[in-house]
Amino acid sequence: MKKQKQGVSQWISLVFLTVLGIIWIVPLLYGVMSSFKSNIEMQSVGFRFLPINWILTNYTRLLQNTANTPVFRWFWNSIVISGGSTILVLVVTSLSAFAFSRLRFKGKEPLFIFLLSTMMFPAVMNIIPLYKIMTFLGWANTPWAMIFPAATGAFNIFLVRQFMDNIPIAYDEAARIDGASDWQIFRIVILPLIKPVLYVVALFTFTATWNDFLWPSIVFSDINKMPITPGLKLLQGMYVADIPTLMAGAIIAIIPTFILYLVAQKYFLQSMSLSVGVKG
Amino acid sequence: MISVPFCILVPLILAVALNTKPVLGKFFQGLFYLPSLFSISAVVIVWSLIFNPNYGPLNTLFHLNQVWTGTQPWAWMTIVILTVWWTIGGNMIIYQAALNGISKDYYEAADIDGASSWQKFIHITLPSIRGQLLYTIVTTTIAQFNIYGQPLMLTNGGPNGSTTVLMMNIQQNAFGSGQSLAGLSSAMAVILGICITIVSMIQLFLLRSKD
Numbered sequence: 001m002k003k004q005k006q007g008v009s010q011w012i013s014l015v016f017l018t019v020l021g022i023i024w025i026v027p028l029l030y031g032v033m034s035s036f037k038s039n040i041e042m043q044s045v046g047f048r049f050l051p052i053n054w055i056l057t058n059y060t061r062l063l064q065n066t067a068n069t070p071v072f073r074w075f076w077n078s079i080v081i082s083g084g085s086t087i088l089v090l091v092v093t094s095l096s097a098f099a100f101s102r103l104r105f106k107g108k109e110p111l112f113i114f115l116l117s118t119m120m121f122p123a124v125m126n127i128i129p130l131y132k133i134m135t136f137l138g139w140a141n142t143p144w145a146m147i148f149p150a151a152t153g154a155f156n157i158f159l160v161r162q163f164m165d166n167i168p169i170a171y172d173e174a175a176r177i178d179g180a181s182d183w184q185i186f187r188i189v190i191l192p193l194i195k196p197v198l199y200v201v202a203l204f205t206f207t208a209t210w211n212d213f214l215w216p217s218i219v220f221s222d223i224n225k226m227p228i229t230p231g232l233k234l235l236q237g238m239y240v241a242d243i244p245t246l247m248a249g250a251i252i253a254i255i256p257t258f259i260l261y262l263v264a265q266k267y268f269l270q271s272m273s274l275s276v277g278v279k280g
Numbered sequence: 001m002i003s004v005p006f007c008i009l010v011p012l013i014l015a016v017a018l019n020t021k022p023v024l025g026k027f028f029q030g031l032f033y034l035p036s037l038f039s040i041s042a043v044v045i046v047w048s049l050i051f052n053p054n055y056g057p058l059n060t061l062f063h064l065n066q067v068w069t070g071t072q073p074w075a076w077m078t079i080v081i082l083t084v085w086w087t088i089g090g091n092m093i094i095y096q097a098a099l100n101g102i103s104k105d106y107y108e109a110a111d112i113d114g115a116s117s118w119q120k121f122i123h124i125t126l127p128s129i130r131g132q133l134l135y136t137i138v139t140t141t142i143a144q145f146n147i148y149g150q151p152l153m154l155t156n157g158g159p160n161g162s163t164t165v166l167m168m169n170i171q172q173n174a175f176g177s178g179q180s181l182a183g184l185s186s187a188m189a190v191i192l193g194i195c196i197t198i199v200s201m202i203q204l205f206l207l208r209s210k211d
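Going down the list, the protein sequences come from chains H and G. Position 3 of the first sequence, counting from 1, maps to 3 under UniProt numbering, and the rest follow consecutively. Position 189 of the second sequence, counting from 1, maps to 189 under UniProt numbering, and the rest follow consecutively.
Hints are computed from structural coordinates only; laboratory data are not their basis. Computed from a predicted structure; not experimentally measured. Watch out, some of these pointers could steer you wrong.
Unchecked claim - Straight-line alpha carbon distances no greater than 27 Å define the calculated BS3-like cross-link-like pairs of lysine-lysine that follow:
hint	chain 1	residue 1	chain 2	residue 2
1	G	Lys120	G	Lys104
2	G	Lys26	G	Lys120
3	G	Lys26	H	Lys266
4	H	Lys195	G	Lys120
5	H	Lys233	H	Lys132
6	H	Lys266	G	Lys104
7	H	Lys132	H	Lys225
Using the sequences and the hints, build the whole thing.
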């Protein structure tokens, strides 16, 4: 009796999920399909899901037009910026989390609380002062304008420290008896153990930097230096009448995060529950 | 702001549905989470095709003649739909994790007492995931305050400036064309920040005092 009831609710759920799933996937697929259509077909045929003639000219056009919309240059810039931020964040968070978790120094706890309190301020309030700082340093229009602010995220340090605190201190002590220095303890004992949380931090940082829109659209004015998200805004202005090419640009911009997601889905889903586990 | 209830309810229903562990559950979970990994500018471009008055599938498929992003109240609706599509994944995962953590004993005890599914949901499920609900309501509200990309690229603040949000104003004043009014913008940003803090405090207080 009970089993049967379970089965019914499973079926209802499945139908519901399928309907909603279709609603969720169709806009995306339609966008992908449209990027292979010609502009004339787009405007004349009316509703049709698949292209009549599959063409690649939308993509090659984006490749060739390097004067106004250097899409592949933007793509490369995004890779440099996101990759750079990820590396810097990993170095900064793992080292500072190690300091907060394992080392003893004066004012450690007040410093940590101070660090956490920076998370209380909504990000909006930072934008204008940050812009002033970046222009003062001459970093506007350089990748540093995005890489350095990313490295100051207190939440990552908090997350990694939390993880590190759960590693038994006995491991350190055993290593210390064998004559290991702090650096060796970090390298040989701690670092291998915190790998899972570092994956999460890396994926988070990469996608967040890749997708950031407001900050790069403020700090980058040079068309050749900007990453792809604010670039798409320019593209939108450029190809108002040529929707398929616009679609091609959008598809190019989502490919890297899509691939990352396919490869590391487990860690993404883990990261969400990790972040709420600490906060909630 | 209208999108907050949807951003809480839709993922909650999804999580409950996924919690019955149907076939392909993992696939659906991945599917609903997928859009949140895309950048807002790409998402807006894809959706602006859907809502395109001349060639968009919404109009051509259903033979409508609606200028979705150019007239109210549709302009707001497009923004809400896009926001829900884009952001529910994260909340869904959080609820799923929470639902997984509820002990089966509660439901069995309720079954013995003859509780209906709805009663079980209200009296067992919701109280058990209160912490996560609280967290998502606060974070979602804050995220809605900071909404920027959707109105900028989808409706461009129009029609007649009705979907212009504070973030666009701040950006325009400080970095737009003409003389820079960075001081004014900073003041607006600080006010927005204070608003966000106050609202989240009130929400925390209200939701805490319920028990």
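How the hints compare with the structure:
| no. | hint | in the structure |
| --- | --- | --- |
| 1 | G:Lys120 with G:Lys104 | 12 Å, holds |
| 2 | G:Lys26 with G:Lys120 | 25 Å, holds |
| 3 | G:Lys26 with H:Lys266 | 11 Å, holds |
| 4 | H:Lys195 with G:Lys120 | 40 Å, violated |
| 5 | H:Lys233 with H:Lys132 | 23 Å, holds |
| 6 | H:Lys266 with G:Lys104 | 25 Å, holds |
| 7 | H:Lys132 with H:Lys225 | 19 Å, holds |
Against the hints set out earlier in the document, a violation occurs for number 4 only.
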